[in-house]
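Undergrad: With chain A's structure known, arrange chains B and C on it following the hints.
Chains as they are written, first to last, in our numbering: chain A, 28 to 320; chain B, 577 to 884; chain C, 48 to 591.
There could be a bad hint or two in this list.
Distance condition first, Cα-Cα at most 27 Å in a straight line; then the derived DSSO-like pairs of lysine-lysine [claimed, not checked]:
1) C:K182 <-> B:K639
2) C:K358 <-> B:K662
3) B:K662 <-> C:K535
4) B:K699 <-> A:K49
Some chain B residues close to chain C (C-beta under 8 Å, calculated; not the full set) [stated by the list, open to error]:
5) T604
6) D609
7) G619
8) D630
9) R658
10) I845
Just so you know, the hints here were simulated from the structure itself, not pulled from any lab data. The C-beta atom is built at its ideal place from N, Cα and C for all residues, glycine as well.
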Amino acid sequence: MAKKSRSSGLWYEAWLRFKRNKLALLGLFMAASVILIAIFASLIAPYDPVEQLIWTEGREVRLAPPSVKHWMGTDIYGRDILSRIIFGARISLQIGIFATIVSLLIGVPLGAIAGYMGGWVDDLISWLINVVFAFPFLLFVLAVIAVFQSPSLRVVYIAIGLVNWVGIARVVRAQFISLRDREFVEAAKALGLPRGKIIFKHILPNALAPVIVQATLGMGSIIMTEAGLAFLGFGAQPPTPSWGLMISEGQKYLSMGKWWWAIFPGLAIMYTVLAFNFLGDGLRDALDVRLKR
Amino acid sequence: MFSYIVRKMLYAVPVIWGVVTIVFILMTIVPGDPARLMMGQRGDPETLARIRADLGLDLPIHKQYTRFLKDLVKGDLGVSYRNNEKVVDALMTRFGATLKLAFWAMVLAALLGILAGVVSAVKQYSIFDYSAMFIAISGISAPVFWVGLLLLLIFAYTLHLVPGVGYVPGDWRYFILPVITLGVRPAALIARLTRSCMLEVLTQDYIRTARSKGLRERIVIMRHALKNALIPVVTIIGTQVAELLSGAVLTETIFAWPGVGRLAVEALIARDFPMIRGTVIFMAVIFLVANLIVDISYGFIDPRIRYD
Amino acid sequence: MKRRLVWFVMVVILLSLVFVGQNAAVAQEPKYGGVLRWRAVNDPPKLDPAMATDTSSSRNVYLMFDMLVDNDPDGKSIVPRLAESWEASPDGKTWTFHLRKGVKFHKESLGKPTENGGREVTAHDWKYSFERLVKVNSPRAYFIDMVKGYQDFVDGKADEWVGIKVVDDYTLQFELDYPFSPFLSVLAYNSFVVVPKEDAEKWGKEFNFHPVGTGAFILERWDHDQRLVYRKNPDYWKKDEAGRQLPYLDGIEIVIIPDNTIAYEEFKKGNIDVLPAPPDEYYEEIKAQYSHLLQERPELGTYYYGFNNSKPPFKDNLKLRQAFNYAVDREAINELVIHGRYYPAKGILPPGIPGYNPNLRGYEYNPEKAKQLLAEAGFPDGITVDLNVNNDPRHTLISEAIQAQLKNLGININIKVLDWGVHLDLCERGETQMFRMGWVADYADPDNFLYVLLHSENHGSKGNYSFYSNPKVDEMLAAARVETDWDKRMKLYQEAEQMIVDDAPWLFLFHYTTSLLAQDWLKNMHLPAFGDYTTPLEVVWIEK
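Excised from the complex, chain A in its bound form:
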């Protein structure tokens, strides 16, 4: 009982620290705005993101520069780029969230077991973590995606999750190593509680803060990875308004001076990643977590 109030006090203190950090609040605001845009995309977007206007309105709407009608211009099919960017937020967030869940589902148990058990189990899991780390990240994801026959958003987040879990696992493992010999763990062991219960009920809640920080910071890099994959033609399928896919489709026309197709989606990626980076940094400072990279 006493422990619980102590830990909720910790969270409260963290919130106070977080509130004082301007960048953290900015991050929170930016992230919230992206989430709201994603949720209310169909209300905000001026056009249907997949509607191709060239068939009805002809050449004038093909690759039209930004104007009052189309704030960010149109692409070769006369689709409204602003509307596509707005709907694209859904794709990026979806990937970010689901890939994070996959990484947590793999990384937390493996990291916890490695850290708690030590010995050969730890050696084995640590070896696996090191192996995945030694892989060039993007190539590994590409190879995993190639293994699945038909690409889809689900394949993308599973593939990213399969690679991204190592960061989480490392953090959890380090936490468990420092926590496993604490008094409250010893007490639980003395009570004869089953191992699983000790790991997940007693130690894990105390190891949560760094996991949250790592996962938040990870969101940014996952969103960036998704964009990179879509850019190379893997992942989101057309006409999905994935930001990376838009950059990839638009890049050919950059050199002709039709820059809006490829440049605006990049700004959207930057804004979103920036949001999660600010938020993650803020959480780290607030929760007073030191992460080993």
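TA: Same frame as chain A, but now just chains B and C:
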């Protein structure tokens, strides 16, 4: 020291083995038949079978695996399915291009990052500090391929200051944009880290002591503060080498740079198994070597660290 | 006054005609010297002609090697190359080739003397070269599997390919298992060239990096991913009409420039002489500003979406397949999305191939009719179909446009962008509903399209990915293969094509074009129907 290095290298062996095995497994279950790709669109099943046999793809998996490991131990990475080039030769020629790119990107990143970080720390809360940190965090948040396109748009297609994409050895103009593109992210990370480390160090007792002894500010900063602040910076440079190789995949694709990253992606698409294995193993080795060098270099920077 | 003006104008016109004529005559006098710089997108994967199956490799193979026969520039007939003449026996099963005398192999390659020392080519070399195709597992050897003894030789039961006979040093004979009318056209494929045994045996697989042939140009240097440098072959066998030694050029440089923008800029600056397949995004600008440098013509190729005729929903549902065909506005897509680079297709055979039928009954854009057919096909509320497309910007571009057009009729298309390898895999296993595919002629004969892509014998990997089968069509196509009367053959093909089009096994889309930009100082440069990569360069000269 020597035994430490040997131990570390021995430790790398199972990691490399793991990388090799995972690549092998992925490539056995990946759809897409390399023999088929060599034949092109129209394939006569019989010729297909003969090409598969020629490539050793008809052997049972475990035999293919042991054969591959044996060759690997001998340093033989095989021959590309796609163009008959020896994988080792291909890696050597392409690695030059990647290395040049990564090296200059790292030099740029380290110089710019440390400089910006130190000035930001010394002039904390100044306009310079704010704008440098804003640029840094934007640099971390922007996708590398988009940065590349943006630079191309501005400097190549609009201002015509540089020639655009392509690789002409010896012509430095072709290096500018790819180096900047690849260097942005590490530069930003280094700047941020240098700044925070410097701030921490500057509040330490020995700096105060040094200052109180009347040493000039510049000497305090350069000789005492920076040296200590650099320890974590060196770490990040080491880990960045690995990220740089991953980032090189995209940078090389945009700038049509004939490096290892692009080679790897092309090989993956062509199901050129020997080349895929070769590039991945090669990159993993580079990663481990870079980490080893970082570990060792600690000793020179921070004498408190002992290798035992 | 008026009449005077008329006279004056007429004189001016006459004079200018004379001058133009004179200019043309002057321009006919070829000049020797100079190096032609040709843009390539990527490093050629294969320089060994036995292995070359892609266009970037073929470009190089055509410079260094010679086939027995060649396609004429329009793809309409077969002309002599290293064979001066030939005849077929009345039963169509024996083909005799009379070889050109005095043809010599390259004396050197990559700056070093070759093993063969520049000796003359004989029929023995041809036999060796054909047998080598089988020995090195050439992916194209089976093109001539009707030559007697192929199977035994492949299986190792025979130590020679008995159907290929050396009658004397200058006479080569092929004996076929059955009459095969397109045989001559097949021999014009770029794998069926002559190579010197001495060098091929010396290098083995490395022959790929040390190619030696008989062609107009000799490889001098290969800087991977940068350039291939060729020097002229001084002992080349070919002379022009006036008896002058070919080639006129001192050399060729294949310059590898992956980026389209750069390549175009380099062309504009004059640093590149030929820019094959000018990039789409500049096409409108090129048409406006450089139309005098642009050569363009239909290529012998077809771009289509295949339906899987062996699985629902397309199996046994003609109306559904026809509905799709009526639902796509090919003209508009071509014009608005791909910059008018293609020709809308009515059927299978591209213009330029023998047997092409301009009066073919195809499917026009008719959304009303499509809607009605869709309802009659049993899908009044629409249908959802997977479309597999291989990963390439142009293909996804087209697929998104078609997706949008079909959506207007309630047809939902799920686009799946796949790696080429996976794409082929799924297509040949029949694990698709609808797939993008293209086909460019290996040889200029309708057989190469209709038989390969639509005969039921070729289901799966051999080319019929849509698993179309119509016994009547099968019968006609088989009959056309062995028919020796040209007109009768063409008639069979035209009838078969109409029958296939009526069955709508594909969504017929486009025919390819081939094009190149050539600087105006290049003379006698003619783009053949087979594609830019086959453009003969030994007859080109530079007039600066």
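Undergrad: Assess, step by step, whether the Cα of K699 of chain B is no farther than 27 Å from the Cα of K49 of chain A, and give holds or violated.
TA: Status holds; Cα separation ~19 Å.
Undergrad: Can we keep the R658 of chain B interface hint, with Cβ of chain C closer than 8 Å?
TA: Holds: closest Cβ of chain C sits about 5 Å from R658 of chain B, inside 8 Å.
Undergrad: Close enough to count: is the Cβ of D609 of chain B nearer than 8 Å to one in chain C?
TA: 6 Å, holds
Undergrad: Taking the least C-beta to C-beta distance, is G619 of chain B closer than 8 Å to chain C?
TA: 4 Å, holds
Undergrad: Can you verify the interface hint for D630 of chain B: is its Cβ closer than 8 Å to any Cβ in chain C?
TA: 5 Å, holds
Undergrad: Would the stated hint for T604 of chain B survive a check requiring a Cβ distance to chain C of less than 8 Å?
TA: 14 Å, violated
Undergrad: Would you mind confirming whether the straight-line C-alpha gap from K182 of chain C to K639 of chain B stays at or under 27 Å?
TA: Holds. K182 of chain C to K639 of chain B sits at ~25 Å (cutoff 27 Å).
Undergrad: Double-check I845 of chain B for me: the hint is only fine if its C-beta lies closer than 8 Å to a C-beta in chain C.
TA: 6 Å, holds
Undergrad: If you draw a straight line from the CA of K662 of chain B to the CA of K535 of chain C, is it 27 Å or shorter?
TA: 51 Å, violated
Undergrad: Going straight from one Cα to the other, do K358 of chain C and K662 of chain B come out at no more than 27 Å?
TA: 43 Å, violated
Violated hints, in rising order: 2, 3, 5; the structure is consistent with all others.
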